[in-house]
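Q: Residues per chain are reported as follows:
There are 2 protein chains.
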Amino acid sequence: MSNVNEEVGRILGSYSQNINNEIESTLSSISPNDLQEASIYLTKAGGKMLRPALTVLVSEAVGGNIESSIKVAVAIELIHTFSLIHDDIMDKDDMRRGKPSVHKVWGEPVAILAGDTLFSKAYESIINSKDEIDSPNPEECLERVNKTLSVVADACVKICEGQAQDMGFEGNFDVKEEEYLDMIFKKTGALIAAATKSGAIMGGGDEEITSAMYEYGRLIGLAFQIQDDYLDLVSDENSIGKPVGSDIAEGKMTIIVVNALSKANDEDKNKLLKILKIGNESGNCSKEHIDEALSIFEKYGSIQYAYNVALKKIQDAKKLLEILPDSESKYALSLIADFVLERQS
Amino acid sequence: MSNVNEEVGRILGSYSQNINNEIESTLSSISPNDLQEASIYLTKAGGKMLRPALTVLVSEAVGGNIESSIKVAVAIELIHTFSLIHDDIMDKDDMRRGKPSVHKVWGEPVAILAGDTLFSKAYESIINSKDEIDSPNPEECLERVNKTLSVVADACVKICEGQAQDMGFEGNFDVKEEEYLDMIFKKTGALIAAATKSGAIMGGGDEEITSAMYEYGRLIGLAFQIQDDYLDLVSDENSIGKPVGSDIAEGKMTIIVVNALSKANDEDKNKLLKILKIGNESGNCSKEHIDEALSIFEKYGSIQYAYNVALKKIQDAKKLLEILPDSESKYALSLIADFVLERQS
Numbered sequence: 001m002s003n004v005n006e007e008v009g010r011i012l013g014s015y016s017q018n019i020n021n022e023i024e025s026t027l028s029s030i031s032p033n034d035l036q037e038a039s040i041y042l043t044k045a046g047g048k049m050l051r052p053a054l055t056v057l058v059s060e061a062v063g064g065n066i067e068s069s070i071k072v073a074v075a076i077e078l079i080h081t082f083s084l085i086h087d088d089i090m091d092k093d094d095m096r097r098g099k100p101s102v103h104k105v106w107g108e109p110v111a112i113l114a115g116d117t118l119f120s121k122a123y124e125s126i127i128n129s130k131d132e133i134d135s136p137n138p139e140e141c142l143e144r145v146n147k148t149l150s151v152v153a154d155a156c157v158k159i160c161e162g163q164a165q166d167m168g169f170e171g172n173f174d175v176k177e178e179e180y181l182d183m184i185f186k187k188t189g190a191l192i193a194a195a196t197k198s199g200a201i202m203g204g205g206d207e208e209i210t211s212a213m214y215e216y217g218r219l220i221g222l223a224f225q226i227q228d229d230y231l232d233l234v235s236d237e238n239s240i241g242k243p244v245g246s247d248i249a250e251g252k253m254t255i256i257v258v259n260a261l262s263k264a265n266d267e268d269k270n271k272l273l274k275i276l277k278i279g280n281e282s283g284n285c286s287k288e289h290i291d292e293a294l295s296i297f298e299k300y301g302s303i304q305y306a307y308n309v310a311l312k313k314i315q316d317a318k319k320l321l322e323i324l325p326d327s328e329s330k331y332a333l334s335l336i337a338d339f340v341l342e343r344q345s
Numbered sequence: 001m002s003n004v005n006e007e008v009g010r011i012l013g014s015y016s017q018n019i020n021n022e023i024e025s026t027l028s029s030i031s032p033n034d035l036q037e038a039s040i041y042l043t044k045a046g047g048k049m050l051r052p053a054l055t056v057l058v059s060e061a062v063g064g065n066i067e068s069s070i071k072v073a074v075a076i077e078l079i080h081t082f083s084l085i086h087d088d089i090m091d092k093d094d095m096r097r098g099k100p101s102v103h104k105v106w107g108e109p110v111a112i113l114a115g116d117t118l119f120s121k122a123y124e125s126i127i128n129s130k131d132e133i134d135s136p137n138p139e140e141c142l143e144r145v146n147k148t149l150s151v152v153a154d155a156c157v158k159i160c161e162g163q164a165q166d167m168g169f170e171g172n173f174d175v176k177e178e179e180y181l182d183m184i185f186k187k188t189g190a191l192i193a194a195a196t197k198s199g200a201i202m203g204g205g206d207e208e209i210t211s212a213m214y215e216y217g218r219l220i221g222l223a224f225q226i227q228d229d230y231l232d233l234v235s236d237e238n239s240i241g242k243p244v245g246s247d248i249a250e251g252k253m254t255i256i257v258v259n260a261l262s263k264a265n266d267e268d269k270n271k272l273l274k275i276l277k278i279g280n281e282s283g284n285c286s287k288e289h290i291d292e293a294l295s296i297f298e299k300y301g302s303i304q305y306a307y308n309v310a311l312k313k314i315q316d317a318k319k320l321l322e323i324l325p326d327s328e329s330k331y332a333l334s335l336i337a338d339f340v341l342e343r344q345s
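From first to last, the protein sequence lines are chains A and B.
The opening position of the first sequence corresponds to residue 1 in my numbering, with each subsequent residue numbered one higher.
The opening position of the second sequence corresponds to residue 1 in my numbering, with each subsequent residue numbered one higher.
Honestly, I wouldn't trust all of these hints.
Any copy will do: because identical chains look the same in the list, a pair fits if it lies in one copy or spans two.
Here are the computed lysine to any residue pairs in the SDA-like style, where the Cα-Cα straight-line distance is at most 20 Å [as the list claims (entries may be wrong)]: (1) 299 x 335; (2) 330 x 142; (3) 104 x 90; (4) 319 x 335; (5) 242 x 294.
In case anyone wonders, no lab produced these hints; they're calculated from the structure.
Here the structure is a predicted model, which means the values were calculated and not measured.
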């Protein structure tokens, strides 16, 4: 494990106790019991807590205290969890964070409701944050909460739209890079951008800083998803917890596939399309097919291309941090940007 | 059709064009297309639009204009629609408002997403309402929006909890009246109470009026659900669009069942429990069983009991309206209370 991964692990760990306590207190009033348990379950399944930590770190980096932003940070994590629960139902994914997914344990009806409950609780948490803001001006507090709600509601619409786009891509191999990037921005980037922007708002950052922090979040969100595509091919099974090339095996659209299809000659393109169709229909194509796809990706430099796209986004994201005054939190935000590429899982 | 039904039909009709236009403009930006269509579908299926009309009427009754409350009214209707879409998936109801339900047309994944999208759009609509409020004081506008968001988020949590309670009641015939009323308050009453309370807030009503309007909404919401239980037994098939006694046929818990079970002697109680279990397991018990249950309900006065409970709530609700100055809107709110009992479907 690199130093970056260790350092980021330590930083995320230093916030996780506060965040977990706040999540627990937010969800403790839900009744009946099985709805409460189903709602809490995934929040205790050992997620990285990257999104809420980003909110708190940005808030601190612009001069806010942790109380001003923690309820918003928790809201972001609850929305992330809500989307995971519903996505797992839609995608029929039976495992999540190494445990059976919510609908496998409680059934689909309770899982749908648990997602809806987390979604509602997230908004409640943001609204309640107005009494925690470190500002003497009540109008200013209301203004910050209102702006944050607006950012978060926008991200929620985008998450739904991104998931619909992603489902629409299934079995459709005529996706342009621009469309692919738009999908992953909505599905993954928008909530991370909302996490960083709302941290800036709640901490009292001005318009310029707030916009820069949105862009920082958007870029690391995009890089995060692209790096997921990349790790699926270059990591090892133990690190990512699934077989190498599993995206190809399932015929999934990734930036690597999009790039290879756009560059390949007709022969290679047809070979790759055939493999993807088998993967899409069977959910599991053969090792030979995966190797064949890999050699096509290598021939056209598509794996390196994906890495370069992610790297450029991380470099741009780090430049945006220059707007912040020097602080430990600013340093942590820079490390988290590096971590997006350094992580092995 | 009674005069009340005609008059209320006319009142609801007079707002429906404005509300429908606002819904359409709120949902027109959703992409991709199939997500937009699935999200809009039920809003165009001819619902009564009772909830949004209540919001606008209360807002007007406390002195607000329609612009101040219409985006909140629309949000309430979108939340109602979201809950119908998800409930239909959970309850495996394939028809809604005389049309195939959303998951029958687009499949469950898109239906889950359409519900989530409406939910997100509802919050966006409330947030956007701050620029429409008829008040010169920007802090006051923010305050109203913030209070409304708080009321609505609370109702959303309750809707989820109520649905979970309702699912928990399935096949459980040991439900107390208090538990039953708590369930229907959460599942139906909370959103109607949020509709009326948020109308009062957005229109600029003071604390006392706002609380009274919440209580008015809560009471007519409870009466509405109890009257549904009642109409299932005393209405005719043509009016309610389903066979008389279909709740018994499905073994559903209603206030009438709860009341009869609490009063019946052991013999009648066992007969009724047997019928309910058959209904619950088969989803459709025989005409003879329904008639037998009906005669038990009549023997213990449980049908009349339900009507009396609903009537008392409507009388109390109407008394609460006395706090309002006389106006056409106040008169309409009184008529809507009567309509809850007069309606045949």
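Q: Does each hint hold? Answer for all of them.
A: These are the hints, each one checked on the structure:
{"no.": "1", "hint": "299 x 335", "in the structure": "neither (33 Å within a copy, 75 Å between copies)"}
{"no.": "2", "hint": "330 x 142", "in the structure": "neither (26 Å within a copy, 32 Å between copies)"}
{"no.": "3", "hint": "104 x 90", "in the structure": "both (13 Å within a copy, 15 Å between copies)"}
{"no.": "4", "hint": "319 x 335", "in the structure": "within (13 Å within a copy, 63 Å between copies)"}
{"no.": "5", "hint": "242 x 294", "in the structure": "within (17 Å within a copy, 59 Å between copies)"}
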